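Here is how the chains run, residue by residue.
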Amino acid sequence: MLRFITRRVLVGVVTLIAISIIVFGLFFAVPSSPAKVMCGKNCDAASIAAVETRLGLRDPIAEQYTSFMKGIFVGRTYAEGTAFEQRCDAPCLGFSFRNNEAVTSILGRTVPVTISIVFGAAILWLLIGVSLGMISALRRGTLFDKVAIGISLTGASMQVFFFGLILLYVLVYTSGILPFPSYTPFTDNPAKWAQGLILPWITLGFLNSAIYARLSRAQMLETLSEDYVRTARAKGLPLRRVYTKHALRAAITPIVTIAGLDIGASLGGTFITETIFGLRGLGKETVEAVSFLNLPIVVATVLLAAVFIVVANLIVDVLYAVIDPRVRLS
Amino acid sequence: MTAPASAPKSPETTDTGAYLRVSDLRVQFPTEDGVVKAVDGVSFSVERGQTLGIVGESGSGKSVTSLTIMGLHNTKRARISGEILVGGRNVVGMSEEQTRRLRGRDMSMIFQDPLSALHPYYKVGAQIAEAFKVHHPNASKSEAKKRAIDMLGRVGIPQPARRADSYPHEFSGGMRQRAMIAMALVNDPDLLIADEPTTALDVTVQAQILDLLEDLQREFNSAIIMITHDLGVVAQVADDVLVMYGGRAVEFGSVEQVMRRPQHPYTWGLLASVPSLHGDAEADLVPIKGNPPSLINLPTGCAFHPRCRYAGRNGERSFTDVPELHQVKERGHLVACHLSEADRTKFYAEDIAPSAGVAQ
Amino acid sequence: MTETLVQEPGAQPVEPSRPSGEPLLVVDDLTKHFPVRSGLFGKTGLVRAVDGVSFSVRAGETLGLVGESGCGKTTTGRMLVRLLEPTSGKITFEGKDITHSKGGGLRQLRQDMQIIFQDPYASLNPRHTVGRIVAMPLQVNGINPPGGVKKRVQELLELVGLNPEHYNRYPHEFSGGQRQRIGVARALALRPKIIVADEPVSALDVSIQAQVINLLRELQRELDLAFVFIAHDLAVVRHFCQRIAVMYLGKIVEVGDRTAIYERPAHPYTRALLSAVPDVTKMGASGRIRLEGDVPTPLNPPSGCRFRTRCWKAQEVCATEEPPLTIKPNGASAACHFPEDGAIK
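Taken in sequence, the protein lines are chains A, B and C.
For what it's worth, the numbering used here labels the leading residue of the first sequence as 1, then goes sequentially.
For what it's worth, the numbering used here labels the leading residue of the second sequence as 331, then goes sequentially.
For what it's worth, the numbering used here labels the leading residue of the third sequence as 691, then goes sequentially.
For the record, the hints were derived by calculation from the structure and aren't laboratory data.
Please read these numbers as outputs of a predicted model, since none were measured by experiment.
In this text, a Cβ means the ideal position worked out from N, Cα and C, and glycines have one as well.
Be aware that a few hints might be false.
Below, computed lysine-lysine pairings styled on BS3-like, alpha-carbon distance capped at 30 Å [said to hold, decoys possible]:
(1) B:Lys619 x B:Lys676
(2) B:Lys475 x B:Lys453
(3) B:Lys476 x B:Lys453
(4) A:Lys36 x A:Lys70
(5) C:Lys840 x C:Lys780
(6) C:Lys883 x C:Lys786
(7) B:Lys619 x C:Lys840
(8) B:Lys476 x A:Lys146
(9) A:Lys245 x B:Lys676
(10) C:Lys780 x C:Lys792
(11) B:Lys659 x A:Lys245
(12) B:Lys676 x B:Lys659
(13) A:Lys245 x B:Lys619
(14) C:Lys841 x C:Lys780
(15) A:Lys245 x B:Lys476
(16) B:Lys471 x A:Lys245
(17) A:Lys245 x A:Lys146
(18) B:Lys619 x C:Lys841
(19) C:Lys841 x C:Lys883
(20) B:Lys453 x B:Lys471
(21) C:Lys1003 x C:Lys840
Here chain B is said to cover these stretches of chain A; the calculated rule only asks that three of the stretch's residues, wherever they fall, bring their Cβ under 8 Å from a Cβ of chain B [stated by the list, open to error]:
(22) 89–95
(23) 214–223
(24) 236–245
(25) 279–291
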């Protein structure tokens, strides 16, 4: 088991290094010179050159990559020995082209917002979606099943912006039951934190739980037709035990995988949700940075999203091995 | 033949007759395309210590019959009538909870593919212990585990204490089927239903498993139903044989009677179409023409008539009347065929007996 | 009939002269090792799935490859039709080395050598009509037979006992036996010289199995097809094959003609295998050779003779020296230090 985890971690690290190289290549892939972007409109060749030197853009690519990576792990100093010298402590991801704010501090502001949205919503969709799907499968063909299928079909075919705006209109503008969503750090005031995020939670949670209900219903139905479930019944186990101990564990395995990847991917940014509810999270920040060609931020967010996905993958793999002993072998 | 040696478990089963008695069992599944008559009026019985072989192709109703005895069919969808007496208790119409108490304790079952029939996530020993514990709620965890290891040893798994902690995928095919058998026998059931237990196994392993079942039957004195499509397996292990076709029993008798003096043209067809290790290898096999029938839309009259070489040899009844099982001259040998016994004897001697695969 | 005799791996098979001339297919010391990872950083082990197999098939001859699961018979078949790359060894077809043929050479080879699979359903594309399925090999190879593709396909359907008017039907409209017939028709489309049939009847009901066996026998005789017939069912193989090679743990332990193998087998494993087959003509389990235990893992096969761990005749020499395939009194070649003699009961 330890061996399995070690190998998976190594694979993850290799993947991240590969991604960092590709992402770093973005600096050079964009048609416009980063120095030009930073320098603004009225910029002569001399000042562009100055900026390039300051950012180290004149060094060979490999060297730039090394200093970029070095910046992440031990920190770096831009334009050392010149008047523009600027120290950037680890983990250094550079400075925003727009206002020279450290990228890490921007992330420190936006990442908690996205994490709060995603985890709250994930708990909702897993609890509601999976249990709805499982119960549907066990009561296949009943009224409960049909209603659940209907709801999940509606949910699965709806869009975040549509459903989110309806909720906003009904619960905030018309009735005033909830205040307009806002982000208060959990550590400042947990109650306010929850109150400000409840709408995005419901929006994302409901839509995803629809998908998860369908998925888990299908999984459970498939598992119920497995031979080993029949064996469990043939042993004389009570139905409840057959379902909970024998069927559920097998049915949940693929859901764990998909949930892990979904959560990992969402952590990279939930742009639409953030935009509708005016929350400044990772997704919104990224999209803005892209439109301004604010490369340091783009690179940092893409890299962070990759880290989330790789880590989520790792967790999924380990969970999978915990659930299914056959995985541990390979 | 053999009288039950072990003490009966419950007072209802004290009669010396058959442990399992199935009478006029009918199982139907309504579907969108029509009613599937999976089993259509089948009767048979098995005594303790005896083995009944049920032979048939896919769709003959043999598997549905066994699942119905165990109460493992889809209770909501199936329409069941008739009587299934397990140790004197009628299982038809019994509540799920009541059949559950019988399952695994009085009657148990082993399946064709032991890899898919064992839960991939749980250790083999734990799965067997679970089967013991559910019917022995007062047994401690360690008692159940000890019993599981003991059973693994008895079905011939080396180092049972160590292997009990293995997962099914770490076992070979033969070992898995042994483990399934250990699980099925952990509560000393009086009836064991084996549904194609060796079909997925290699021949040498199949031989081991069949031997094991025979040894265990001697030890536990249980009644065994062996469901198979392989006439060779039946010839080897069965005392009595029931041949099923299209959801009905077409022939019943002792293994000697059915294998050496078969009466039904379908049984003949099966025997003549099976390649054998003896006889003329160059001679063509004599297959049964056509395909097994759909259970939704069975042929009228004798369901076998479209594939039967002798249909219509005795008037038009083959096409209109469903033949009932009736006794032939020999006691205990039943056949459902419109041919006269004289004709059957003649056709068999002329057409069938000379071809490969039929016992001389 | 005389036997291919192989003394040691690498030796050329000694092929007796026969009027029909050169053998069609010669397999020489074929091996296939699959690497498996076991350690943390891939300390690799080798599954010796096929480990030095040599045999030959003449035009119009039927060779049976029998053995239990894991003996390497299916892997061998896959290498023959070049679905798997051999680790070492040589496959010669009509005098040409095809061991590593690619591209055009492989396409040419596919015309002469076809495969039939076990599962007739999984090997037919459910979205294609039967006509299209059977015509596929013709189209892929750019062949336009006289009278057109459709006519040829209908001939083929008729040849395998299907109604040519079912040209436009889909595989799901056919029963298992009919689907296998479609697979056979497809294999015959290019008029191959040899067909590798991998368990072609084991997924079928008994009554249907006989129909397909008879069909294959008929086609074999009429078209003078050579067959490599891979099966676990010894009785089926007996009815189909003139010559039989028995495999155990990646090696051929005995190869010979039908009478030798089925009536006077020399290798103890062949005897055990035969005696394990439940036969309708035998009642009860009397006189059976009981093999103990399971087939050892091909990751770490026993030293010397691979069968020795389960053999009742094994002695010390069996553990130290691997027995070569040599001609035994029954006329077959067997790899055994202490071969059996005499007819089986």
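Status of the hints after comparison with the structure:
{"no.": "1", "hint": "B:Lys619 x B:Lys676", "in the structure": "21 Å, holds"}
{"no.": "2", "hint": "B:Lys475 x B:Lys453", "in the structure": "11 Å, holds"}
{"no.": "3", "hint": "B:Lys476 x B:Lys453", "in the structure": "14 Å, holds"}
{"no.": "4", "hint": "A:Lys36 x A:Lys70", "in the structure": "25 Å, holds"}
{"no.": "5", "hint": "C:Lys840 x C:Lys780", "in the structure": "38 Å, violated"}
{"no.": "6", "hint": "C:Lys883 x C:Lys786", "in the structure": "14 Å, holds"}
{"no.": "7", "hint": "B:Lys619 x C:Lys840", "in the structure": "28 Å, holds"}
{"no.": "8", "hint": "B:Lys476 x A:Lys146", "in the structure": "47 Å, violated"}
{"no.": "9", "hint": "A:Lys245 x B:Lys676", "in the structure": "59 Å, violated"}
{"no.": "10", "hint": "C:Lys780 x C:Lys792", "in the structure": "15 Å, holds"}
{"no.": "11", "hint": "B:Lys659 x A:Lys245", "in the structure": "55 Å, violated"}
{"no.": "12", "hint": "B:Lys676 x B:Lys659", "in the structure": "15 Å, holds"}
{"no.": "13", "hint": "A:Lys245 x B:Lys619", "in the structure": "47 Å, violated"}
{"no.": "14", "hint": "C:Lys841 x C:Lys780", "in the structure": "38 Å, violated"}
{"no.": "15", "hint": "A:Lys245 x B:Lys476", "in the structure": "22 Å, holds"}
{"no.": "16", "hint": "B:Lys471 x A:Lys245", "in the structure": "17 Å, holds"}
{"no.": "17", "hint": "A:Lys245 x A:Lys146", "in the structure": "26 Å, holds"}
{"no.": "18", "hint": "B:Lys619 x C:Lys841", "in the structure": "27 Å, holds"}
{"no.": "19", "hint": "C:Lys841 x C:Lys883", "in the structure": "21 Å, holds"}
{"no.": "20", "hint": "B:Lys453 x B:Lys471", "in the structure": "14 Å, holds"}
{"no.": "21", "hint": "C:Lys1003 x C:Lys840", "in the structure": "59 Å, violated"}
{"no.": "22", "hint": "89–95", "in the structure": "violated (count 0)"}
{"no.": "23", "hint": "214–223", "in the structure": "violated (count 0)"}
{"no.": "24", "hint": "236–245", "in the structure": "holds (count 5)"}
{"no.": "25", "hint": "279–291", "in the structure": "violated (count 0)"}
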